[in-house]
Amino acid sequence: MAKEGLFKIGGLENVQINIGKIVSEEDEWEPMGPVPCPEVEDMRHWYMKLLDRYPPFYAPYCDMCCLCTFGKCDLTGNKKGACGLDMRGQQARFVLIACCMGASAHCGHGRHMLHSLIDMFGADVPVDLGTQINVEAPIMRTVIGVKPKVLGDFAKAFDYVEEQIAQMMDATHTGQEGSYLDYEAKAYHVGMLDSLAKEASDMIQMIAFKYPMGADVPLVDIGVGCVDTDKPIILVIGHNVIPSVAIIDYLDEHDMRDLVEVAGICCTAIDNTRYDFKAKVVGAIGRQLRFVRSGVADVIVVDEQCIRADIVEQAQRVQAPLIATNNKALYGLPERSGDPAEEIIEDLASGKMAAVAILDPEKVAEVVPKLAMIMKNKRKNIRTLPSDAEQKEYAARCYDCGNCVLACPQGLPIDRAMQELAAGNPEPMSILFDKCVGCGRCEQVCKWEIPIVDVMQKTALKQVKSEKFKMRVGRGPVLDTEIRNVGAPLVLGTIPGVIAVVGCGNYPDGTEDVYKIAREFALRKYIVVATGCGAMDMALYRNEEGETIYEEFPGGFEAGGVVNIGSCVSNAHIHGAAIKVASIFARRNLRGNMDEIADYILNRVGAAGVAWGAMSQKAASIGTGVEVWGVPVVVGPHGAKYRHAHIGRKDDLTKWDVYNMRDGSKVRCEPAPEHLILGAETVEEAIPLLARLCMRPVDNPSGRQIKLTHYMDLSMKYLGAYHDDWPIFVRSETDLPLARKEEYLKVLEKDYGWKIDWDSKKILEGPLRKQDPQFDPTNLERLLKGAE
Amino acid sequence: MAKEGLFKIGGLENVQINIGKIVSEEDEWEPMGPVPCPEVEDMRHWYMKLLDRYPPFYAPYCDMCCLCTFGKCDLTGNKKGACGLDMRGQQARFVLIACCMGASAHCGHGRHMLHSLIDMFGADVPVDLGTQINVEAPIMRTVIGVKPKVLGDFAKAFDYVEEQIAQMMDATHTGQEGSYLDYEAKAYHVGMLDSLAKEASDMIQMIAFKYPMGADVPLVDIGVGCVDTDKPIILVIGHNVIPSVAIIDYLDEHDMRDLVEVAGICCTAIDNTRYDFKAKVVGAIGRQLRFVRSGVADVIVVDEQCIRADIVEQAQRVQAPLIATNNKALYGLPERSGDPAEEIIEDLASGKMAAVAILDPEKVAEVVPKLAMIMKNKRKNIRTLPSDAEQKEYAARCYDCGNCVLACPQGLPIDRAMQELAAGNPEPMSILFDKCVGCGRCEQVCKWEIPIVDVMQKTALKQVKSEKFKMRVGRGPVLDTEIRNVGAPLVLGTIPGVIAVVGCGNYPDGTEDVYKIAREFALRKYIVVATGCGAMDMALYRNEEGETIYEEFPGGFEAGGVVNIGSCVSNAHIHGAAIKVASIFARRNLRGNMDEIADYILNRVGAAGVAWGAMSQKAASIGTGVEVWGVPVVVGPHGAKYRHAHIGRKDDLTKWDVYNMRDGSKVRCEPAPEHLILGAETVEEAIPLLARLCMRPVDNPSGRQIKLTHYMDLSMKYLGAYHDDWPIFVRSETDLPLARKEEYLKVLEKDYGWKIDWDSKKILEGPLRKQDPQFDPTNLERLLKGAE
Amino acid sequence: MNTIPFDPGCVPGPEMARLADPRTIGIAIKRAKRPILVVGAEILKDDLIDKAIEIGKKGTPIAATAHSMKTFVEKGYTDNVFMCNMHPLANNFTRNDWMGFDGKGNYDVIVFLGVTYYWSSQMMSAVKNFATNPLRMAVSIDRYYHPNAKMSFENIRDTEQFKSMVDEVIAQL
Amino acid sequence: MNTIPFDPGCVPGPEMARLADPRTIGIAIKRAKRPILVVGAEILKDDLIDKAIEIGKKGTPIAATAHSMKTFVEKGYTDNVFMCNMHPLANNFTRNDWMGFDGKGNYDVIVFLGVTYYWSSQMMSAVKNFATNPLRMAVSIDRYYHPNAKMSFENIRDTEQFKSMVDEVIAQL
Ligand code: SF4
Ligand code: SF4
Ligand code: SF4
Ligand code: SF4
Ligand code: SF4
Ligand code: SF4
Ligand code: SF4
Ligand code: SF4
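Chains as they are written, first to last, in numbering that gives the first Met the number 0: chain S, 0 to 787; chain B, 0 to 787; chain D, 0 to 172; chain V, 0 to 172.
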């Protein structure tokens with residue numbers, strides 16, 4: 000922040016003032032805490048605290064390391080490689096690399112947008128989030144101690160994140176870190192950076208494009224069936240909304256908006272609807288290959304992230320011209336920003352070129368709508384899915400070799416379905432459609448060159464075409480006013496928790512899973528928040544009344560709300576909400592105080608994340624970034640491929656000692672939350688687990704009672720039994736689910752040897768600890784009275 | 000660079016001036032070229048030019064991708080994974096990841112040092128490189144268009160590099176880039192960033208610590224035998240010299256310098272000798288495990304990079320306390336900067352703790368020398384290598400299972416050597432010592448727990464102890480004056496080339512290889528430059544006269560010089576020298592002109608790099624950063640594990656068309672240089688290859704004659720034959736090696752069908768092109784006359 | 000020539016499961032001091048639950064992961080069935096201080112049946128790499144080739160064949 | 000159970016070389032339309048150069064990489080020996096437009112003998128993954144198990160045994 004030297008002052012070109020030190024004006028909104036802009040060592044005490052209680056468990060995904068030319072090293076059995084690193088270290092290193100990739104994606108995206116937005120609007124766009132938000136950027140305030148006032152201020156966040164990413168990537172180099180613990184600590188650091196980068200990335204688009212906020216944002220269309228195939232269709236795919244916004248602006252300015260469909264896949268889809276309620280959402284990542292293959296799109300515009308690497312080839316297959324608009328994903332295409340729009344349109348429309356890159360969003364906007372109009376006409380007679388005859392021929396061709404089943408990440412029984420289809424029964428194949436993640440790996444190995452993805456889609460065509468659902472527009476941050484309403488019940492536990500449904504679409508058993516999870520918790524008056532693929536995929540189902548989840552439940556951050564926060568970068572507002580509980584409800588200082596705030600959340604805010612289809616490295620950094628702020632995360636079974644989990648041990652209660660801030664005493668607590676990141680095999684397993692992970696040491700009796708009730712109900716509902724750990728959460732009879740209190744007391748007496756006074760129906764002996772309304776838990780020594 | 004807002008002016012606390020725009024004073028030393036601070040798309044035309052002529056060849060090191068939870072994907076046979084990426088793309092992505100790791104290591108190191116140095120000296124330390132250097136930071140000038148004047152100015156380089164690394168890491172994320180070409184282009188971008196980061200990193204230490212420069216730097220001691228074992232020995236390992244410098248300063252200030260040995264391994268060793276000529280160099284990375292195991296060190300201080308991941312365990316094994324001083328390599332140790340030195344010393348000396356982290360260099364300096372004194376005494380009776388009896392027992396224990404041979408990256412015949420040793424013959428084992436890279440993998444698999452590394456070292460002990468050699472101190476940048484002397488002969492070819500021996504110690508056949516290469520070329524009056532492990536390892540041999548290579552050859556950047564440039568970050572000065580040829584000799588503008596300068600070097604500066612033991616990701620980014628500036632690189636056979644090579648095709652001459660700047664015409668040239676990066680299996684193969692790669696289109700007749708002579712001589716010497724491509728380099732009879740001109744003319748006539756006029760001994764027909772003294776080659780359209 | 004994992008990319012490295020016939024695997028379980036059967040979501044398919052119960056009845060305790068417990072309850076067999084989450088369970092297998100469900104110590108032969116392929120594969124990888132001293136052995140009797148196990152069947156397409164193989168394992172107990 | 004590569008970490012994935020006996024490999028070379036023998040630095044060890052020359056004499060052209068050419072020259076056998084660098088050579092094997100040393104087309108069976116293990120392993124990987132259409136096949140007759148080849152020997156510790164295996168290959172030509 001200090002800058003010395005000679006400066007020229009605008010408008011006073013001939014005056015030079017020698018300035019010793021420039022202090023940018025920064026009102027003292029809060030005193031600065033101990034860890035502003037932390038280096039990893041500054042926050043290491045917190046990271047190590049988490050790792051001590053939730054030690055890493057490794058499930059190596061590969062027994063070798065191939066990262067340097069001493070390799071490959073065989074590390075099987077925790078052997079050391081030529082550099083001295085052992086298997087645990089290597090797995091943790093891989094986690095760190097993945098997190099760096101993920102955080103770089105968020106930061107790279109945000110920084111790129113910031114440049115564009117400053118070009119478009121100047122750096123002075125004020126940070127104005129309306130009257131209901133004062134704590135505008137809770138992560139930024141906390142981590143770097145800065146309160147952004149204008150667009151340009153967010154550069155500080157990216158500066159910090161970039162420097163730190165380089166430092167952490169540095170540590171992944173061969174011959175650097177040697178302990179899995181310090182690799183994990185660094186992964187936590189990167190998770191924290193990731194959360195900051197996301198917040199900055201979403202805020203800059205929000206303030207520049209004036210996205211709507213609050214519970215009352217409208218519902219928009221989602222689903223393949225919503226796309227009006229009578230119009231020219233522009234399909235946008237990715238995460239960076241800037242070229243799409245340019246296209247939409249162009250359509251508006253040229254009175255073409257109603258003539259053309261702008262339909263999106265992945266986060267660009269969500270963010271488009273934040274800008275333009277007419278924009279259509281096709282769906283999440285799982286729909287990408289299949290929607291492209293359907294041939295409906297007349298022009299495909301890709302920006303960055305979550306794009307199929309072979310999108311150019313796929314677009315070509317359906318004769319849709321493709322425009323790449325981002326320097327992260329150029330596919331070897333010529334960059335044509337410098338050429339006249341007409342030339343580019345001509346080259347693409349004539350088929351002279353199948354795809355081009357155009358990095359200038361204005362030029363993209365000039366090219367795409369016109370091109371779409373032309374292509375709509377040209378592509379009229381393009382049939383891309385198999386004809387009935389072809390479909391038959393394909394099915395007949397199947398040799399039943401089973402290669403496709405092996406290649407399928409989900410192991411779907413394509414072979415059998417193909418045989419059934421050949422025999423005239425399309426049903427088994429059409430059932431697979433919903434379980435298929437749309438990856439195309441099956442086609443890669445079919446020696447008979449059956450376009451399996453297309454064949455499957457055709458069997459499900461009717462169902463696909465009828466996909467017309469509603470999704471609430473991504474609404475960005477939780478309002479301070481909402482926090483004021485839910486702060487107390489959340490911390491006391493009477494709102495039993497916040498369930499955050501986030502992440503990608505690599506679901507083990509299809510998209511319906513996320514709908515099930517979200518609805519179960521919404522019905523139970525948890526607050527359900529969602530972003531990204533999860534927010535889209537859960538919209539694809541209806542209740543018995545025919546309502547989608549967004550129609551059934553309100554959109555506010557309130558008990559029983561189902562809140563579409565927004566795209567993947569909007570994830571940060573979920574942390575933001577938890578941080579705001581600490582700030583607004585508990586009046587903790589945020590500035591430079593990350594350890595304290597995360598400690599607050601871990602002990603008090605009953606939130607849990609579920610990244611059921613976590614696929615990417617972003618999901619890795621997102622999950623890590625959720626953990627590091629004190630919120631546990633459950634991933635689907637594919638998540639085991641991230642190689643690590645953070646597993647608490649309820650059989651070693653020494654790990655659960657927490658300080659009472661009031662008197663500095665140590666209190667042995669129940670394991671709440673028990674784990675920080677782990678996987679589950681099925682939703683039925685995940686749901687009770689999530690309920691368990693929402694418990695917190697500070698729950699008051701009625702809060703604990705509610706949480707325990709849900710936990711036990713859900714266990715019985717989905718598992719047919721209770722986990723044997725439930726008594727550990729019982730501090731006194733008042734914690735017990737009311738409806739079955741006696742029954743439970745009996746069990747406690749009989750199976751767990753607790754002493755019960757049956758007259759008063761009070762527990763005399765048994766609980767680990769008593770509930771103490773004065774209990775003010777912390778894991779940080781520095782917060783104890785008398786600590787310096 | 001623009002910053003707006005309200006500012007307080009130092010000394011005028013109550014005055015606030017509203018400044019529209021601050022322009023930091025920056026004299027117009029050169030007009031700004033077209034690509035200052037380039038984004039990847041700004042330089043993509045250059046990267047793609049290189050890739051078009053030197054297309055990537057992939058040798059997958061793994062047929063699977065394990066980077067996301069869709070995986071593992073089997074990509075065998077160039078199949079596509081679930082994200083649509085094919086095998087080529089995945090290999091290129093891995094290259095990009097490796098380069099990002101490498102560049103991050105350099106940038107992370109430099110940024111960290113910059114913070115420390117500014118803390119120590121302030122940001123105002125002037126960039127003063129003496130009277131013989133005006134072009135102080137050629138890479139920085141070229142790439143970001145900045146001429147650094149004070150220490151603090153280097154922050155601009157790191158700011159830029161960090162932002163770009165995050166952008167490039169972003170592109171490695173699943174669902175981003177789809178074409179191997181664009182991954183490669185991005186790897187080139189990162190290579191360029193790497194060169195910039197290294198330059199900044201070396202310059203800041205040079206100017207802060209006032210390292211010596213020029214040809215006349217002294218010789219210092221290198222080799223295990225140089226370490227005076229009568230004194231307490233502090234062993235420093237790594238790349239970041241700051242804690243070592245603090246230790247040396249402390250020793251000086253306390254008049255202890257002559258009482259204690261400061262011995263180093265890896266780049267910290269080299270950089271220590273740039274600060275203190277009394278510092279000893281043990282050797283390069285290959286010596287690390289073995290020197291530690293010898294137990295000679297009384298205290299081990301590690302900073303960052305190239306440290307064994309199990310160094311804590313290894314130090315413990317020889318009861319040497321270890322201090323970790325860098326946040327990149329903390330090994331899970333407690334950070335004790337906050338504790339009194341006495342306490343730390345007590346804990347370590349008593350064995351209460353085996354190792355600690357101390358991130359504050361001042362504290363390190365307080366602790367280490369005293370601790371070394373104490374430990375010297377305590378460790379007197381520690382014997383770490385096997386006794387004779389133990390040695391015998393170990394050898395006898397060997398079951399001849401051969402596991403160690405399989406585990407050994409070099410496949411050394413340890414089993415047979417062990418049998419011989421058991422039979423009383425230590426010789427075969429002692430011979431292995433020099434071929435062993437010291438990785439310890441053999442010990443990991445010996446079921447009989449034979450400490451193979453120790454056993455081997457013991458057999459070679461006499462030889463090891465007699466290792467007393469001389470290395471010239473790393474001298475940093477090539478002087479402008481030197482460039483003035485060699486610029487013309489280099490470009491004309493009469494100095495046949497610059498051979499840069501760089502990189503790590505993963506040699507296929509031992510350290511002597513680099514000595515052989517360097518000496519061969521020095522004797523032939525090439526300019527030999529060296530850095531890092533290469534610079535150290537080549538010092539470990541003597542000629543017939545008993546001179547080391549640094550004693551045999553002068554240290555100037557001149558024909559027949561052997562120049563120790565310095566540590567790995569000093570590598571940048573090798574690019575710097577080439578850039579300075581363009582600037583000083585050819586008067587090209589550098590500023591924001593990277594494509595032009597790289598083009599200049601590719602066509603004119605006959606330099607080639609050899610990273611014979613390239614091991615790390617840094618070596619990957621270094622190599623890529625050498626290529627991108629137009630200099631070809633040869634790696635040893637382990638280098639094939641980097642997965643790619645850039646192979647020119649002499650059978651497709653269309654790729655070798657070059658513009659003549661004078662008239663814009665296209666000239667079909669000989670393939671010079673033919674490849675940009677490739678491997679060789681043996682030095683005998685590499686040496687003629689390097690000679691070939693030094694040829695350039697602009698060589699004048701006498702230059703080409705000299706280069707061709709060396710190429711052919713070396714081919715005959717090492718290969719017993721000529722490569723069949725030599726005639727392609729012959730433009731006229733004047734290009735032919737003088738001594739055997741007639742013989743060659745005959746061959747050209749007979750085997751290649753050229754027409755010769757035997758009277759005049761002139762070539763009438765045959766050559767691809769005539770030599771043209773007016774030929775002013777470029778690959779860049781923009782440099783052609785008439786181009787805008 | 001090589002046995003291909005059910006997920007062909009799931010090739011972990013040089014240590015891959017020995018292909019074993021049901022008899023061999025059955026005997027290995029029989030000989031174990033403290034064997035345990037781990038079942039998951041796929042136990043609900045193809046009546047495998049009945050096989051699991053048979054194994055339980057022969058004295059091998061069962062760890063019921065995912066939501067498999069519900070079916071045990073429905074089937075009325077819960078005697079030596081312990082409901083748990085897989086991740087903490089696998090974590091416990093890698094630790095020498097875990098005392099097992101009965102407090103008597105960790106298990107030595109860990110038999111996987113009816114667990115999603117890639118999920119159990121990862122858990123067996125943890126056992127293979129970290130439960131080495133003393134050696135604890137993961138054994139798969141699922142219908143897949145599981146390289147991260149110590150012993151495994153091949154990939155079996157035919158359900159009846161697979162079930163009869165499981166029967167053969169049971170016959171040895 | 001699995002054959003371990005000479006460098007055990009060198010497990011590339013699901014497609015690994017078939018272990019083949021010398022006769023089988025010999026016949027495969029014999030049947031090739033355009034076979035080629037690639038030799039490298041290790042050809043100078045254990046008199047393998049003589050074996051190479053025998054193969055050359057039987058009509059298979061030889062690509063002499065590293066500095067092996069020198070020994071061919073010394074041995075006076077250079078008839079169908081072509082000196083080249085390995086990296087560009089392997090690159091050529093992956094391309095359909097390379098016309099071979101004789102200008103008559105690329106090769107179909109590429110036999111490796113006497114090349115540093117990890118170096119040839121990588122080159123065979125390139126052939127395996129990119130020389131697939133039409134299929135060109137890398138075959139190792141070195142003393143190592145080479146997973147990236149299509150066919151390979153096992154790791155052979157005994158030099159005499161190895162040499163007699165090479166002899167057996169030659170006998171088929
Ligand atoms: S870590 Fe991944 S890329 Fe490397 S060897 Fe293992 S599976 Fe292959
Ligand atoms: S980084 Fe270490 S473990 Fe990995 S290949 Fe290199 S030496 Fe082996
Ligand atoms: S596209 Fe669907 S069916 Fe095909 S491999 Fe992928 S998930 Fe399986
Ligand atoms: S890979 Fe093709 S032929 Fe084989 S089962 Fe699948 S669809 Fe049928
Ligand atoms: S990044 Fe692509 S190729 Fe790699 S595992 Fe994921 S889907 Fe497969
Ligand atoms: S320490 Fe030496 S002998 Fe042992 S495996 Fe490494 S290189 Fe081979
Ligand atoms: S691994 Fe040990 S026992 Fe086996 S050959 Fe090597 S030294 Fe001998
Ligand atoms: S040359 Fe390589 S191994 Fe040696 S010090 Fe530098 S980076 Fe480390």
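Hint data in this document are derived by calculation from the structure and do not stem from the laboratory. All C-beta atoms in this analysis are idealised placements derived from N, C-alpha and C, irrespective of residue type, glycine included. Treat the hints with caution; some may be incorrect.
List time: in silico PhoX-like cross-link candidates among lysine-lysine, alpha-carbon distance up to 20 Å [unchecked claim]:
# : chain 1 : residue 1 : chain 2 : residue 2
1 : V       : K69       : B       : K515
2 : V       : K74       : B       : K434
3 : B       : K515      : S       : K78
4 : B       : K524      : S       : K446
5 : B       : K784      : B       : K761
6 : B       : K649      : B       : K524
7 : S       : K716      : D       : K69
8 : V       : K103      : B       : K716
9 : V       : K103      : B       : K649
Cβ pair distances, simulated, as ranges [stated by the list, open to error]:
#  : chain 1 : residue 1 : chain 2 : residue 2 : range
10 : V       : L134      : S       : G224      : 53 to 61 Å
11 : B       : S336      : S       : D158      : 35 to 43 Å
12 : V       : N95       : S       : K209      : 51 to 59 Å
13 : S       : E551      : D       : Q160      : 58 to 66 Å
14 : D       : R17       : B       : Y751      : 34 to 42 Å
15 : D       : N132      : S       : A214      : 38 to 46 Å
16 : S       : L522      : D       : K56       : 32 to 40 Å
Outcome of the hint check:
Restraint check for V/K69 and B/K515: the C-alpha separation of about 18 Å stays at or below 20 Å, so the hint holds. A distance of roughly 28 Å separates the Cα atoms of V/K74 and B/K434; the hinted pair therefore is violated under the 20 Å criterion. The hinted pair formed by B/K515 and S/K78 fails the criterion: a straight-line CA distance of about 35 Å is larger than 20 Å. With a CA separation close to 59 Å, the supplied pair B/K524 and S/K446 exceeds the 20 Å bound.
Taking the CA atoms of B/K784 and B/K761, the gap is about 34 Å. The hint is violated against a cut of 20 Å. At roughly 28 Å between alpha-carbon atoms, B/K649 and B/K524 are farther apart than 20 Å, so this suggested pair is violated. A threshold of 20 Å between alpha carbons decides the hint, and for S/K716 with D/K69 the separation of about 9 Å falls inside it, so the pair holds. For the hint pairing V/K103 with B/K716, the CA-to-CA distance comes to about 31 Å; that exceeds 20 Å, so the pair is violated.
Between the alpha carbons of V/K103 and B/K649 the distance comes to roughly 17 Å, so the proposed pair stays at or under 20 Å and holds. Taking 53 to 61 Å as the suggested C-beta distance range, the pair V/L134 and S/G224 does not conform, at roughly 45 Å. Taking 35 to 43 Å as the suggested C-beta distance range, the pair B/S336 and S/D158 does not conform, at roughly 26 Å. In this structure the supplied range 51 to 59 Å holds for V/N95 paired with S/K209, their Cβ-Cβ distance being about 56 Å.
For S/E551 paired with D/Q160, a C-beta distance near 46 Å fails the hint of 58 to 66 Å. Between D/R17 and B/Y751 the C-beta distance comes to about 60 Å, which lies outside the given range of 34 to 42 Å. At about 56 Å, the beta-carbon gap between D/N132 and S/A214 misses the expected band of 38 to 46 Å. Between S/L522 and D/K56, the C-beta spacing of about 39 Å keeps the proposed range 32 to 40 Å intact.
The structure fails to meet hints 2, 3, 4, 5, 6, 8, 10, 11, 13, 14 and 15 from the earlier list, while all remaining hints are met.
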